[in-house]
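2 protein chains.
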Amino acid sequence: MASPHGADPITELITTYNELNSHIITELDEEPSPLEFMRFVAKNTPFVVRGAAANWKATQTWTSKFLTSHLADETVNVAVTPAGNADAPTTYKDGSLVFAKPWEEDQPFPEFLNYVIQQENGQAVDSGEIRYAQTQNDNLRNEYASLFSHVQQDIPFARIALEQESPDAINLWIGNSHSVTALHKDNYENLYVQVLGQKHFVLLPPHCQPCVNEQTLKPMQYHRTQPQKPNDEVLELRPDDNDESGGNGTIPFATWDPDRPLENATAYSYLAEPVRLTLWPGDMLYLPCMWYHKVSQSCFPNDICVAVNYWYDMDFAGPLYPLSNFVRAVNPNSHNR
Amino acid sequence: MASPHGADPITELITTYNELNSHIITELDEEPSPLEFMRFVAKNTPFVVRGAAANWKATQTWTSKFLTSHLADETVNVAVTPAGNADAPTTYKDGSLVFAKPWEEDQPFPEFLNYVIQQENGQAVDSGEIRYAQTQNDNLRNEYASLFSHVQQDIPFARIALEQESPDAINLWIGNSHSVTALHKDNYENLYVQVLGQKHFVLLPPHCQPCVNEQTLKPMQYHRTQPQKPNDEVLELRPDDNDESGGNGTIPFATWDPDRPLENATAYSYLAEPVRLTLWPGDMLYLPCMWYHKVSQSCFPNDICVAVNYWYDMDFAGPLYPLSNFVRAVNPNSHNR
Ligand SMILES: O=C(O)CCC(=O)C(=O)O
Ligand SMILES: O=C(O)CCC(=O)C(=O)O
Numbered sequence: 001m002a003s004p005h006g007a008d009p010i011t012e013l014i015t016t017y018n019e020l021n022s023h024i025i026t027e028l029d030e031e032p033s034p035l036e037f038m039r040f041v042a043k044n045t046p047f048v049v050r051g052a053a054a055n056w057k058a059t060q061t062w063t064s065k066f067l068t069s070h071l072a073d074e075t076v077n078v079a080v081t082p083a084g085n086a087d088a089p090t091t092y093k094d095g096s097l098v099f100a101k102p103w104e105e106d107q108p109f110p111e112f113l114n115y116v117i118q119q120e121n122g123q124a125v126d127s128g129e130i131r132y133a134q135t136q137n138d139n140l141r142n143e144y145a146s147l148f149s150h151v152q153q154d155i156p157f158a159r160i161a162l163e164q165e166s167p168d169a170i171n172l173w174i175g176n177s178h179s180v181t182a183l184h185k186d187n188y189e190n191l192y193v194q195v196l197g198q199k200h201f202v203l204l205p206p207h208c209q210p211c212v213n214e215q216t217l218k219p220m221q222y223h224r225t226q227p228q229k230p231n232d233e234v235l236e237l238r239p240d241d242n243d244e245s246g247g248n249g250t251i252p253f254a255t256w257d258p259d260r261p262l263e264n265a266t267a268y269s270y271l272a273e274p275v276r277l278t279l280w281p282g283d284m285l286y287l288p289c290m291w292y293h294k295v296s297q298s299c300f301p302n303d304i305c306v307a308v309n310y311w312y313d314m315d316f317a318g319p320l321y322p323l324s325n326f327v328r329a330v331n332p333n334s335h336n337r
Numbered sequence: 001m002a003s004p005h006g007a008d009p010i011t012e013l014i015t016t017y018n019e020l021n022s023h024i025i026t027e028l029d030e031e032p033s034p035l036e037f038m039r040f041v042a043k044n045t046p047f048v049v050r051g052a053a054a055n056w057k058a059t060q061t062w063t064s065k066f067l068t069s070h071l072a073d074e075t076v077n078v079a080v081t082p083a084g085n086a087d088a089p090t091t092y093k094d095g096s097l098v099f100a101k102p103w104e105e106d107q108p109f110p111e112f113l114n115y116v117i118q119q120e121n122g123q124a125v126d127s128g129e130i131r132y133a134q135t136q137n138d139n140l141r142n143e144y145a146s147l148f149s150h151v152q153q154d155i156p157f158a159r160i161a162l163e164q165e166s167p168d169a170i171n172l173w174i175g176n177s178h179s180v181t182a183l184h185k186d187n188y189e190n191l192y193v194q195v196l197g198q199k200h201f202v203l204l205p206p207h208c209q210p211c212v213n214e215q216t217l218k219p220m221q222y223h224r225t226q227p228q229k230p231n232d233e234v235l236e237l238r239p240d241d242n243d244e245s246g247g248n249g250t251i252p253f254a255t256w257d258p259d260r261p262l263e264n265a266t267a268y269s270y271l272a273e274p275v276r277l278t279l280w281p282g283d284m285l286y287l288p289c290m291w292y293h294k295v296s297q298s299c300f301p302n303d304i305c306v307a308v309n310y311w312y313d314m315d316f317a318g319p320l321y322p323l324s325n326f327v328r329a330v331n332p333n334s335h336n337r
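Chains as they are written, first to last, in UniProt numbering: chain A, 1 to 337; chain B, 1 to 337.
These are computed hints drawn from the structure, not numbers from a lab. Please note: incorrect hints may appear among the correct ones.
If chains are identical, the list can't say which one is meant, so a pair holds when it fits in one copy or spans any two.
As the list claims (entries may be wrong) - Below, computed lysine to aspartate or glutamate pairings styled on EDC-like, alpha-carbon distance capped at 20 Å: (1) Lys43 / Asp315; (2) Lys185 / Glu36; (3) Lys218 / Asp241.
Excised from the complex, chain A in its bound form:
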């Protein structure tokens, strides 16, 4: 693995990139033109547009009160976890690290939202469980279709630049500060718009795979149970029934958390220079395809966190996709899978 210059190739890859790229995100005052956007796509580099969505109806009118009355009769899918850890590496009772999927259940929207707000306010809530509406299945054009006209139908600069009539998915995220989305990556060009509260992103480029300590985790899912005794768990992790691998454990997932850099670190984690930024209501983030992202949130007092994101298919042509896979294939730590 020694390179011609003697340095380890993975070390050299990460440090060369760091030397040539800033970990301070570019801030734009207005939406880029399609060409300006394409320049960022070309170098697979994020940017944020402050206030891009400040005039959207969603940003102007959505409050928890408005949403409660607007969706008074709706039932929505809610992800339920004991600690806000939907789709996250989680220690199982036998001590092993598993991939925990949330318990999903339908709840009347007003009941869901009331719970989220009460919890954020510090009021006692059933069992302390964390609820997050985050189905990531194009829910804003389906479950929440009645809200869709309050946001843009697409992101015009992205539609034009990427030549995609319509995003692959438009997702609504509603929760409180107890939900955290664990570090992961998606094969999408992502335009992420904050509506209520703040989102805190920690970002790493695709070639940082050797930093994130990817492990093959056994997929498990929380199940809501009827506790027999007072201390019984209400949400119990069980092997995932829908696991296509037949329970063999095939979910490769990052287990390093850039906010706890000394835990679960690899020999390369210390080289990572995460891009950190906070979105305020009306801000828009371009999160390039294949970037690792960890997402947490803060709510304003008595309020909720709401965001909308647009997923556009990434282009698998060109060098980025095969070269990113190559880094994983070469990384010696990928081999214990």
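Chain A is fixed; fit chain B with the ligands onto it per the hints.
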């Protein structure tokens, strides 16, 4: 080096890329807009625009007769080699492979051009040496400045997309079918315009470094000598005086020729799927940065080959540059350097 799936990572890299990308070049009927161009830059993928320069004054008016009279009093720098091998891996008399730089000398332009034409016509010429005007030092805005107004000052779609007021270099190439430019790569975005004759390109993307059998070659240069005996060489290879490495041999250079695929092959060469295309007068090629290119040429009867290219600085930000270097660093064959 085995990947998690068992396949060799370099094999997987090259085959994945080949599956997701065509080795048939995209042909455009007209110049792309800056945005369209940026989409090709983003995926580091070549294209050709047939007839893009058909109306340029150069394409309309340059003939060998015109150039001879236009440059009747000029003296130009000429690269002289015994076999058309300027800047090419060449077998030295001790059997070793060296990097041969051409002998460079100033010649009156009419004499140079007459030689090139006579040789192309099959007429006997001094010692059979090959002459090529190919200084690659922005010669069209310097040595050949009187011709510069016959071509575009820049390539507008590239200037706008790449945000560069002016190309880093604009080069004129004048020669005949005996000159071949050996497989190599440049850190430039290259817009290449054919004016007279044909150019034949063989192209490989940057991650094909493991296919090209890069070797560290000792730099040598041809010198014109006064032969003592009839069979003495007129052009003699000598250690390069200007060699900055002090003659230690530091030029890493491709030694595999995609047109002789079984010679000097590596274990990966057979995986390469070169993009092949021929430019006709008026055609424009976008040759993306860091792509390997081998270039040969054919002249029409009694004629010469002339081309003009525009080099724009590449963007070292983003993943391509560090990841391409990573492939070299990981390639076990890079280690005998
Ligand atoms: O907002 C979140 O909690 C996560 C967002 C995310 O992962 C995404 O947009 O892909
Ligand atoms: O035209 C030639 O002979 C070579 C062109 C070339 O190498 C280039 O444009 O970079």
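Indicate which option fits the pair Lys218, Asp241 if close means a Cα-Cα distance not exceeding 20 Å: within, between, both or neither. within (12 Å within a copy, 63 Å between copies)
When Cα atoms must be at most 20 Å apart, do Lys43 and Asp315 count as within-copy, between-copy, both, or neither? This pair counts as both: shortest intra-copy Cα distance 13 Å, inter-copy 8 Å.
Alpha-carbon proximity context of Lys185 and Glu36, limit 20 Å: Answer is neither: 24 Å inside a copy and 27 Å across each miss the 20 Å cutoff.
Violated hint for the displayed structure: number 2, the only one.
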